[in-house]
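Could you put the whole structure together from the sequences, leaning on the hints where they help?
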Amino acid sequence: MIRRLLVANRGEIALRIIRACRELGIETVAVYSEADRRAPHVAAADRAVGIGPAAAAESYLSIPRILDAARASGADALHPGYGFLAENPAFAAACEQAGVIFVGPPSQVLAQMGSKIGARRLMQTAGVPVVPGETPEDQSDDELRRAVDRVGLPAVVKASAGGGGKGMRLVRRAEEIADAIQAARREAVAAFGDGTLYVERLVERPRHVEVQVFADGHGQVVHLFERECSVQRRHQKIIEESPSPALTPALREQMTGAAVQAARAAGYRNAGTIEFLIEGTGNDARFYFLEMNTRLQVEHPVTEQVTGVDLVRAQLVVASGEPLPWPQSALTQRGHAIEARIYAEDPSHGFMPQAGRLLLYREPRLPGVRIDSGVVEGGDVSIYYDPMIAKVIATGETRESATARLIAALRDYPILGIRTNVPLLLRILEHSRFQAGDIDTGFLDGEGAALAEALDIETPPWVRAALAADDEPSHQPPATSHQSLDAWDPWRQLRDWRG
Amino acid sequence: MIRRLLVANRGEIALRIIRACRELGIETVAVYSEADRRAPHVAAADRAVGIGPAAAAESYLSIPRILDAARASGADALHPGYGFLAENPAFAAACEQAGVIFVGPPSQVLAQMGSKIGARRLMQTAGVPVVPGETPEDQSDDELRRAVDRVGLPAVVKASAGGGGKGMRLVRRAEEIADAIQAARREAVAAFGDGTLYVERLVERPRHVEVQVFADGHGQVVHLFERECSVQRRHQKIIEESPSPALTPALREQMTGAAVQAARAAGYRNAGTIEFLIEGTGNDARFYFLEMNTRLQVEHPVTEQVTGVDLVRAQLVVASGEPLPWPQSALTQRGHAIEARIYAEDPSHGFMPQAGRLLLYREPRLPGVRIDSGVVEGGDVSIYYDPMIAKVIATGETRESATARLIAALRDYPILGIRTNVPLLLRILEHSRFQAGDIDTGFLDGEGAALAEALDIETPPWVRAALAADDEPSHQPPATSHQSLDAWDPWRQLRDWRG
Amino acid sequence: MSSPFSVTRIADGTYRVETDRQSETVYVAGPPANRWAFWNGHVFRDTRAAEAAAAHAARPRTAVVQSLTAPMPATVIKVLVAPGATVKKGDTVIILEAMKMELPIRAPADATVMAVHCREGELVQPDAPLIELT
Amino acid sequence: MSSPFSVTRIADGTYRVETDRQSETVYVAGPPANRWAFWNGHVFRDTRAAEAAAAHAARPRTAVVQSLTAPMPATVIKVLVAPGATVKKGDTVIILEAMKMELPIRAPADATVMAVHCREGELVQPDAPLIELT
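Residue numbers (my numbering), protein chains in the order written: chain A, 185 to 683; chain B, 185 to 683; chain C, -8 to 125; chain D, -8 to 125.
Calculated directly from the structure, the hints in this document are not laboratory data. A portion of the hints provided could be inaccurate.
[Said to hold, decoys possible] Facing chain B, according to a computed beta carbon distance under 8 Å, are these residues of chain C, among others: (1) I1; (2) A2; (3) R7; (4) S14; (5) T16.
[Stated by the list, open to error] Footprint (simulated), chain B over chain A, 3 or more residues, beta carbon under 8 Å: (6) 200 to 207; (7) 484 to 493; (8) 513 to 527; (9) 540 to 550; (10) 583 to 591.
[What the hints assert, rightly or not] Label pairs and their calculated CB-CB ranges: (11) A:G298 with C:P120: 41 to 51 Å; (12) B:G234 with C:P(-5): 16 to 26 Å; (13) B:G464 with A:G464: 56 to 66 Å.
Glycine included, each C-beta is placed from N, C-alpha and C at the ideal position.
Structure below.
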C-alpha cells in the first residue's frame, strides 16, 4: 500500500484526498504556492512543501517543482486531483520515471485520450457510437454532398481548420446543401486560408450525461452509473445529478455498457469518466461519445452518494496495485443525489469573478447534505485560481427530496464578503424546467440572463432591522478562548425594537 | 399534510426534526425552558414558545404547558422526539383529544407496549420468542423445580416482587435447584416481605440487537433491518451500528420477520423499534424479545445511512395519513454505518456528568461523516438535561472503513471546556474485541474501568509548545465582522521556536 | 427609529428578527463601508454609507475628478493611457487580470487623464484608485 | 525557553506545531486558570497555573484551611454539617445535584467545619467554595 502521498493540488479536492488518506493511514504531503501558505489544505496535511510563487504556471503547473517536492518529502505516490496537471501525459510520465506512483491512468493512456481525434478513432473501433462526421479526402461538391447524406440531417458543414463558428453552416433540408458548401468553403478560405470542409451530424438540444468507470491493473473494469450534467454555462458544469432524469433503463444499460467497452479499449486504469451527448428522449434517444476525462471529476461525490462507495479510497487502493474493491454485481444506484457548485462570481454583473476576504462563511449542517469545500471564514478567496470555492451535495430518496434538501442548504449558507452564484443556483433549482428534468446544455445560456437579472430583490425590512441592530456600538466582541468568557453572552437580547 | 408542527423536545433531536420539516415545507414551533432560551433549537425553528423553568418536570415534561404552546401557536401536529414525553400514553391521548396530530403510535399502543408484562404477553401470542420464564401459581418446591425444567438451564430464580439482584439465585446444574429455591425464597421474604419466586432462563453473554419497523395507517408494515447496540454502559447505549456483525442472513430474516409480526400484533403505527437479546453465535444463535420502543430512537441515523431513507420525513408523511413511502421490496441495507454518542461526562472520574461553557467546539468535516448535534462553540452545556451533546455517524463500504472514519472523526473533534467521553470512545473503537465484532452487553461493564484508567497520557511536548505559544500576550483577537478585518491575519506565524 | 421588529443577536453576525407572526434569521458582516447581509439565499449590500458619501459629494465643486478603482484584488496587465491623454467614453484605459480572466477598465465618459496611480505588473486592492479622469 | 518546535497559529485556538519530521495540530482554549488543549482525540488540562498556586501555598502557614468547591454548576440538595462540626475523612458534607445525578461532596480528611458558604436549593458555580474545613 502507498505510505506517503503528495497531493499535487489545492482547495477542496486537496482536502478530499487528504481525508481519504487519513482513513487509510497514508501520510500526506501538501504543496502550496506563496498565495496558499495559509490555505486550509496546508493545515490539513501531515506536512507541506512550498513550491513557488502564486502564479500557477510557476507552482501548481510546474512539473519539476512538484517532482522536487515529492522527492524531498519522500512521497511514494502522487495524486493530481483535477485540473492543473491531472491530465498531462508528460507529468504522469515524469512520475513514472521518478518511481512515484501516479494515482491515475498510465501516461500513454492520458496521451491517447487527450487527443480528440485519437480518442474518437479508438471509440469507433471499439463500437462506441460517436457523432457521425467526416472530412472527405475528395473535397468536391458531389463528395461533400454524399458525406452529408452519410452523416444524416440536420448536419453542420464547417471549416476543418476552423473553430469559433467561422465557416460553419447548418443544413436542415437537402435543398440547402449546395449553398451551405459554397458559403462554408468561402468563409473557410477567408478565415483560415484553407477551404477543407468537415461534415458532422448536428446534435439537437443535447443533454450531457457521463458514465463513471473504474478499472484496476488486473483486467477488471466496472461502471458506477451515470451523472447528468446538462446545467452548464459556457461548457462549465454548474449542477450535476444522478440518476439522470433522461435515461430509460434500456438506455442506461446501453450507455454504461458502451462506457465499459470504451475503458477496456483504452487500456484504462483507475477512475475515469466517459462523457456522452444524448439526443432525443425516451426510446428514441441516441447517445454519442463526446470525450473521456482521465481523472477524478469535480462531480464525483454525486456518484459516491448514490452508490455508497468511496471513489478516492478506491483510487488509492487500485494505484497501490490491489484489485478493485467491488465487482460490478455489488454496485447499485440508490436514491438521488444533486451537486451544486458554488463559484465566487457575480451573476448580476456578467459573472465577474470575485476575490476578497470571507467576512462571514457558515456551512449549513443538514442531514443528507455533504459539503466539500476549501475555504474558511476569515480566509481569502484569491485571484489566482479557479473560482469554485465549495460543492454542496444533497442526497434524498427521490429527485424531489434531494432538490428540496439542496435548496434548503443553499438558503442556509451565508457567504459574505464576496458575491457568489448561490442566488442563481436557487433560481435554477426552482425553475419549472429544472424541476421537470427538462434541461439540455443550452438551457442556461438561453435562460440564464433572465434568471440573473431577476436576482436583485428589494432589501426586506427585517434585513434592514438586522443591519440597524448590527450598527449599534453597544455590543461586545464575541468570545474567544483568550478573553474573559464570563463577561460574554453570545445570545444577549440586544433590544426590543417595538418601543 | 401537516402545516405547522410543534417540536416537544430540545437539543440535537429537536434540530433534526426541524430540518426534516423545513424540507417538507412544514412550519416549526420550538418550545424552550428558561435554561434553553438561547439554545440552538430555538434559533432554528420558525417560532419559539417558552414553557417554563429549567427543571424538566415544569417544562419539557409538563403536558398542559406543551399543549398550551401547541394551541397558542396554532400547531396542527406535535413531534415528541425521544425521551421526555415521547412514550407517555397520557400525553399522546391529550394530543388526540386536543385535535393535534401526535407523530407516533396511537395512545393505546403506547400504553400496551409500555407495560413489560402486557408487551411480553402480546409477543407470546404473536409467536415472537420471549425469554422463557414464569411465576408458578403453585409456589411449592416441586412446582418451582418443574418450572426450572420448563424454562431450561442455566436459569435464574428470583423474587417476583424484587429488583436490584436481591433474592436472586443462578442455577447452572440440576443439583443446585433445591438450594437455590430455598436461598432465593429466604432473601425474598427478608427483602420484600413476599417469597413469591419467578423463574427465568439466563441469557448468557447477550448481544443487544434491535429491528427498526415502520407501519402506516393503511395496513402496511415494513422493517428497515437491524441495529447492533451491545456497547453499553449500565444499559446506556454508547456505540450502535448496522449491519450487526453477529447476524447470519438466516437469523436476520427470522428476526426482521418476527419484528414485523410483533408490530402487526401491536396494531402499531409510525416508527418503532423491537429490541431483542441474542444468545450464542452463528447458526446456534437464538433471539428473544426484550421490549418495544414506541418512538424514534437516538440511533436512527445508523438505519438512515445504510438504507438511504429519511425516517423523520417518513414519520411526518405517515402521521399526515399518507401511506408509507416505500414497500418492503424497495428497502435495502448497503454498506456499514456506526454511531458514537458523545456525552458530557468524565470517564476518568467515575463518569461524572460535566457542565459548563464550550470554550472551543469544532465539528470535523469529513466525507461519510454525519454529525447530529445540539450545541455550538461558546454555548453552555447545562446541568438540567441529558448529557448527550452530539452523535457522530460514520458510513463506509465496510465495517472496517466505517470504523476508520469514525476514529478519524473523533480524533479531529476538539471539544474544550468540559470533559467528554471522546477519549474512551476511541479506546473502545480501537479495542481488538470491538474490531473483531466480538461484543456482548457486558463488554464495557467488564473492560470499561481498565479502558477509562488508561485514558490519561503524559502531555506531549508539542502540546506544551502550543500551550506556551497561546500564552504569548502578543497575539491579537480573532476577526469579527465588527472589527477592522484588514488588521487581522488568522494565519500569522507566531514565532519560530527553534531559536 | 421605530420598528415593528424585535432583533436578537444569536451568534457572531447572526440575528433573529421577529414580529408576532414571523421570524427570520439574518446574517450581517463587514465594516460600515462594506456591509453585507444574507437572508434565505439572498445577499444584500448595505448602501447607506455609500449614499451618505454620495450626498456629501453632491455639493458644488469646481472640477469633477473621477477615480476609477479596481473592483477586486487584481494584477495590472496593461496601462493604455498616460496623464494628459484624452479618452472617449468606453475606451479601455487599463486592463486588469483576476482569476485567470482579463478585466478591461473603461472610461465612463469622454474625459482627460489627470493621473495614473498604478503600474503594469502591480497587484492592486479593491477600491484602490487606479486612474483619475476629469 | 528553547524548543525544537515551530508553532504557527492557523485559526482561532488552533496551532500547528512542527519539527522537521513531524507536524501536529493542537487546539487550545480557556483563560490561564482553566486552560485546555486537544490533540488527536486526547484532552489535556494545563496544570502550570495550578502548580504555581500550589508552590505559593507551600509556604508555611499557621493553619491549613481547605475549601471544598463544586466541580461543575450544580444545585445544592443538602447541607449535612454546620460550622464547628467535626467530620471524619470520607464523610459526606454536602450533596449536590447536577444533570439528574446526585454528587456527594466528601471530607478529604478528618477536620473541623470552619464555614459553610452555600444554602440548600442554591445554584452554585464551578470552583465556588462551598465549605471550609481545617
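Review point. Measuring from beta carbon to beta carbon, are A:G298 and C:P120 in 41 to 51 Å?
Key: Holds - the Cβ-Cβ distance for A:G298 and C:P120, about 45 Å, lies within 41 to 51 Å.
Practice item. Examine the stretch 540 to 550 of chain A for residues whose CB is less than 8 Å from any CB of chain B, and state whether their number is three or more. Key: Contact hint for the stretch 540 to 550 of chain A vs chain B: holds, 6 residues under 8 Å.
Check your understanding: Counting residues of the stretch 583 to 591 of chain A that have a beta-carbon nearer than 8 Å to any beta-carbon of chain B, does the count reach 3?
Key -> Our answer is that it holds, as 3 residues pass the Cβ test (under 8 Å) against chain B, meeting three.
Check your understanding: Does the stretch 513 to 527 of chain A contain three or more residues whose Cβ lies closer than 8 Å to a Cβ of chain B?
Key -> n = 3 at 8 Å, threshold three: holds.
Review point. Is the hint on C:T16 kept, meaning its closest Cβ partner in chain B is under 8 Å away?
Key: 7 Å, holds
Check your understanding: Does the stretch 200 to 207 of chain A contain three or more residues whose Cβ lies closer than 8 Å to a Cβ of chain B?
Key -> holds (count 5)
Review point. Does the Cβ-Cβ separation between B:G464 and A:G464 fall within 56 to 66 Å?
Key: Between B:G464 and A:G464, where Cβ atoms are some 59 Å apart, the hint holds.
Practice item. Could you check if C:R7 really has its C-beta closer than 8 Å to a C-beta on chain B? Key: 6 Å, holds
**Study point:** Satisfaction of the C:A2 interface hint, Cβ to chain B closer than 8 Å
**Key:** OK, holds: C:A2 within 8 Å of chain B, min 7 Å.
Review point. Regarding B:G234 and C:P(-5), is the given constraint of 16 to 26 Å on their beta-carbon distance met?
Key: Once the Cβ atoms are compared, 21 Å apart, the range 16 to 26 Å for C:P(-5) and B:G234 holds.
Review point. Taking the closest Cβ pair, is C:S14 under 8 Å from chain B?
Key: Constraint on C:S14 satisfied, holds at 5 Å.
Practice item. Go check the stretch 484 to 493 of chain A versus chain B for me, would you? Three or more residues, Cβ under 8 Å, otherwise it fails. Key: Contact hint for the stretch 484 to 493 of chain A vs chain B: holds, 4 residues under 8 Å.
Every hint from the earlier list agrees with this structure, and none is contradicted.
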